[in-house]
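What follows is the residue order along each chain.
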Amino acid sequence: MTHKFTAQNKMIDVIDEDASLLTTLTRFGISFGFGNKTIEDACKSNNIDTETFLAVINFIAEGNMIMDDTVQHLSIETVISYLKNGHSYFISYKLPSLKTKLLEAVDASDQSIPYRQVFLRFFDEYVDEVRKHMEYEDQTVFPYVMQLLSGTQNPKYSISVFEDHHSDVDSKLAELKNILVKYYPSKGNNYRLNEVLFDLLLLEKDLVIHNMVEDYFFVPVVEAIEQNLRQ
Amino acid sequence: MSEISIKIAIAEPSTIIRSGLASIMKRIQGYQIQTIEIPSTNMLTSSIRMYKPDMLIVNPVYCSPADIAKLKEETNAVNMKVVVIVTGFYDDFLKSQFDEFIGLYDTTEQLQQKLKKMFCEPEAEEKPDEVDTLSQREKEIVTCVVKGLTNKEIANELFLSTHTVITHRRNIARKLGIHSAAGLTVYAIVNKLVEIKDLNANSENN
Chain Z
1 MTHKFTAQNK
11 MIDVIDEDAS
21 LLTTLTRFGI
31 SFGFGNKTIE
41 DACKSNNIDT
51 ETFLAVINFI
61 AEGNMIMDDT
71 VQHLSIETVI
81 SYLKNGHSYF
91 ISYKLPSLKT
101 KLLEAVDASD
111 QSIPYRQVFL
121 RFFDEYVDEV
131 RKHMEYEDQT
141 VFPYVMQLLS
151 GTQNPKYSIS
161 VFEDHHSDVD
171 SKLAELKNIL
181 VKYYPSKGNN
191 YRLNEVLFDL
201 LLLEKDLVIH
211 NMVEDYFFVP
221 VVEAIEQNLR
231 Q
Chain B
1001 MSEISIKIAI
1011 AEPSTIIRSG
1021 LASIMKRIQG
1031 YQIQTIEIPS
1041 TNMLTSSIRM
1051 YKPDMLIVNP
1061 VYCSPADIAK
1071 LKEETNAVNM
1081 KVVVIVTGFY
1091 DDFLKSQFDE
1101 FIGLYDTTEQ
1111 LQQKLKKMFC
1121 EPEAEEKPDE
1131 VDTLSQREKE
1141 IVTCVVKGLT
1151 NKEIANELFL
1161 STHTVITHRR
1171 NIARKLGIHS
1181 AAGLTVYAIV
1191 NKLVEIKDLN
1201 ANSENN
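Which chain is which? The protein sequence lines are Z and B, in order. Quick note: the first sequence uses my numbering, first residue 1, plus one each step. Quick note: the second sequence uses my numbering, first residue 1001, plus one each step.
In case anyone wonders, no lab produced these hints; they're calculated from the structure. Don't take every hint at face value.
[Unchecked claim] Listed next, with one range per pair, are the computed distances between beta-carbon atoms: (1) His1163(B) x Tyr136(Z): 44 to 54 Å; (2) Glu129(Z) x Ile1166(B): 20 to 30 Å; (3) Leu1158(B) x Gly151(Z): 20 to 30 Å; (4) Asn47(Z) x Asp1092(B): 52 to 62 Å; (5) Lys84(Z) x Lys1192(B): 35 to 45 Å; (6) Leu229(Z) x Ser1135(B): 52 to 62 Å; (7) Lys156(Z) x Ile1166(B): 45 to 55 Å; (8) Met212(Z) x Lys1116(B): 18 to 28 Å; (9) Gln1136(B) x Leu103(Z): 48 to 58 Å; (10) Glu125(Z) x Gln1136(B): 21 to 31 Å; (11) His133(Z) x Glu1153(B): 42 to 52 Å; (12) Asp1067(B) x Leu103(Z): 27 to 37 Å; (13) Gln153(Z) x Ser1161(B): 15 to 25 Å; (14) Asn1079(B) x Leu229(Z): 35 to 45 Å.
[Said to hold, decoys possible] These stretches of chain Z come out as covered by chain B in the derived footprint (C-beta under 8 Å, 3 or more residues): (15) 55 to 67; (16) 118 to 126; (17) 169 to 177.
[To be verified] Not close to chain Z: a few residues of chain B, all C-beta gaps over 10 Å, as computed: (18) Arg1049; (19) Thr1162; (20) Ala1182.
Ideal placement from N, C-alpha and C gives every residue a C-beta, glycine not left out.
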């Protein structure tokens, strides 16, 4: 056995092993209530390619990529739906909820008023950057890849263009975390700020994983398809 | 200290050596290591092409120095460092054809030194734990950045060359871990380098 999880493991084992993989299940579109189904059955009933699911979840759980034959049978559709779900989670849910919490924390500290707008601007600029990056993928990159899959290559575009665009959206989040931990002059109890920080840490980790899935399961696979079409 | 991130491909048939190396490499301080294990030769070229690793650790059974040159050319990986795993006797001359070698009995510290030799600029190690407080000059520059001045305008305002301003900005970013103008604004306000009203005055002018 080379990998941690196999198709015959139960889906619930994944969560028992590492609860942070809950996010990954949701990201794939696996709804809860899977009872005692195996990974294979749960994937099938949610129309998810089992091999791709396993490859990604093992990659995340092991923090390591093992090059075996599965890499050649990845379902790019499944990867795209994973990435799309991620985008809508970040943009429509996580970032707005983080903003609310951040503002509450800033408002609760004693010198609240002047800080509010500065933090808000920093955060808004960040969200804007993330949104642009993700919308670009949703509107330009994914349709291009879907076209590729149907056998036609848009001569004006290639995935290498995307690689150049692929700025790291998590680095600016690290900055915000840095500012809060190192420079925010807070006094007394910091419960709210702690909670914001904790959320930031989780979000940062989540974004890092999201970007890694792009770098390991999306871009290289698309490059390989492009190459095949060219030949 | 910010970490250096390195993508390492490990081409080695033994699972124990391969996975062992992968997990030890990840334990090395100061680096953010991502590993790609390549268990069999037939995946070597495609893996390098797909993942463009910064470094390849390879068992010499897989490839000779000549194969490596060919591999680099085929995959367009000119800058990839290639490190050979030495498990038994291995000719010194052959060893010298690789960027580095790893022995089975290397300690984590030795591995760390070897990474450092390959991936750190020599000047970077000269200043180990510098203070991360800003100098007076750097504070002035932060203030200018926050007010929305370009590097050229800052140079004019402080009678510096643009080149010097850029160097200062790079040092500021490293010391604070903050790169964006918006981030520096938060830093400047929180540390009272500028007043909120200065910002507002400026944004109204624009």
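Which numbered hints fail
Violated hints (numbers, rising): 1, 3, 7, 9, 11, 12, 13, 14, 18, 20; every other hint is consistent with the structure.
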